[in-house]
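> If you want the building blocks of each chain, they are given just below.
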Amino acid sequence: MSPTSAEVWAALSGVCDPELDRPITDLGFVASVQVTPVVRVELRLPTYFCAPNFAWLMVADARDAVSGLPGAGPVSVVLLDHFASDEINAAAFDAAFDTDGTDPTLSSLRLIFERKAHVAAQERLARCLAPYHDLSAMTLADAARFAPDAAAAVARRRSRAGIASAFAVCDDTGAALPPEKLPGWLRFARTVRVSIDGNAALCRGLLETRYGLTRAGP
Amino acid sequence: MYRKDGRSYFVVDGHTHFWDGSPANQINRYGEGFIKCFHDYHSNLSPDEYKWTLEEFERYPEERLLHDLFEVGYDDVAILQSTYLTDWFVNGFNTTAQNGEIAERHPGRFIVNGRFDPRDGEAGLEHLERLHERWQLPGVKLYTAEWKGDSKGWKLSDPWAYRYLEKCEALGIRNIHVHKGPTVYPMNRDAFDVADVDDAATAFPGLRFIVEHVGLPRLEDFCWIATQEPNVYGGLAVAMPFLHSRPRYFAQIIGELLYWLGENRVLFGSDYAIWQPKWLVEKFVDFQIPQDMQAEYGVLTPTAKRKILGLNAARLYDIKVPGELDIADPGGGPAPEAATA
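Top to bottom, those sequences are chains A and B.
In this text, residue positions in the first sequence follow the numbering used here: the first is 1, and each later residue adds one.
In this text, residue positions in the second sequence follow the numbering used here: the first is 1, and each later residue adds one.
Keep in mind that the hints were calculated from the coordinates and are not lab data.
The reader is advised that the hints may include incorrect statements.
[Unchecked claim] Simulated restraints on C-beta separations: (1) B:Thr-53 to A:Gln-34: 45 to 53 Å; (2) B:Pro-205 to A:Glu-87: 23 to 31 Å; (3) B:Glu-55 to A:Trp-9: 47 to 55 Å; (4) A:Thr-36 to B:Val-299: 39 to 47 Å; (5) B:Pro-205 to A:Thr-214: 48 to 56 Å; (6) B:Pro-205 to A:Ala-90: 45 to 53 Å; (7) B:Pro-302 to A:Pro-183: 25 to 33 Å; (8) A:Pro-70 to B:Asn-91: 32 to 40 Å; (9) A:Ala-90 to B:Ile-27: 49 to 57 Å; (10) B:Gly-108 to A:Trp-9: 56 to 64 Å; (11) B:Arg-248 to A:Ile-112: 23 to 31 Å; (12) B:Glu-126 to A:Ala-130: 38 to 46 Å; (13) B:Pro-302 to A:Glu-87: 36 to 44 Å; (14) A:Gln-34 to B:Arg-59: 38 to 46 Å.
Backbone N, C-alpha and C define an ideal beta-carbon position, used for all residues, glycine too.
Using the sequences plus the hints, can you model the full thing?
Here it is in structure tokens:
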């Protein structure tokens, strides 16, 4: 039996824009879902010229997420209104492309943004905890007692970025930040977070303008 | 010039355009997509009373440009940034020659920046020399994402780009504006990556690299580079309009820039006709970091505003600032250049 539309939406909510670190469903990038009974998903982006590599990753990830549903059968994920739509939509069915999104040339790019997302999430966590705690020695489990949501957000991104560490705040190798390095590290992490949050807001605004949507939620 | 609350601000608009994006000038769907994308930026981030229809926006008359920049707008000097995109627009989007002609009709108002494309090879080097002879370029605007045949972009660190930067240095073209945009190939490249600016800025300490849109969407990478390279500057075009729609986000951006670069290396730009200097300047002068963010970011002083709106660019472009509009102490930035104009 085919999955329901709600199941498809739920699966898509696990797909993130790698650059904006937000689910494509929150960003409004899912234009439509049809289950008739073949599953067809249409994606749309804020501009005609959005970076095609990220577009490709989102199409590939969306396909993987929906194909993984029981009974999904053949799934079609189509990118609308993009300068590279034809190439990306055709490539999604082309054996020459690695359609599971783990193409090594793209996975290195993806890793850069997964690490940035991890850095930004740690800065958000540090803001919840500071200035009451000694962050350089704190474990993520301890942090979760004070700021469960922010700590869970760090854990999710940490696992996505393939980083193993018990510390609440760590560098890309998983090592703790010594106390003398921590303030500078957090200061730069703040800039990373500002950049990601700002881009997400800009992209959402442009999408609303492009498709005449009214703003939903905050 | 803009006056408010007894203070006067000399305004150099570091990023303006007089383009032709009309259907008659579009070669293909990419040209159409490009102007529509600009129009969405315009519509999304402009106050209602400043919004234009797509048709108005695609091509506007010279009178409107002058009106918006200098009559109702507060620009003292506007820098026209040449953007060719000749694979998408028949006569180019706005070329050096087109910009130069307007500048000649309105002496003292405009500065014209040229452009080069390292993929033009030897012939392009000669062409740059001729362009400079004709228009006395104080700078160039580079668009590394520009398409050219099968190539979908280039890097400032490419060997041929270095040849062109050497040529700029030899000709005295010192202001290198860099605009990043999405390219296509190779797919594993982050097209907004600003790392090549770092290489070029180290290799050419005599040139100034003004990164347009302050590196957005890579603000953090841009800030990092700018802390290492004293000859890297941030152009505020595209960041400015957040003043209207997302002032708290604007506070964060300007706060980050002031922290990493300081107030001497940030330059105002409207990106006209995407946005208009009138409302941008008014809102910027009225703007303050919200109280609850001041512990983190401090405040934006009137001196910083004056530098950002015009004095910093005036220093880079040897623009003479009327005495009463200048400030005695430029405040620890690079020493003012000897005026050559």
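> Hint by hint, where does the structure go against what was stated? Just the numbers, ascending.
Hints 1, 2, 3, 4, 8, 9, 12, 13 not satisfied by this model.
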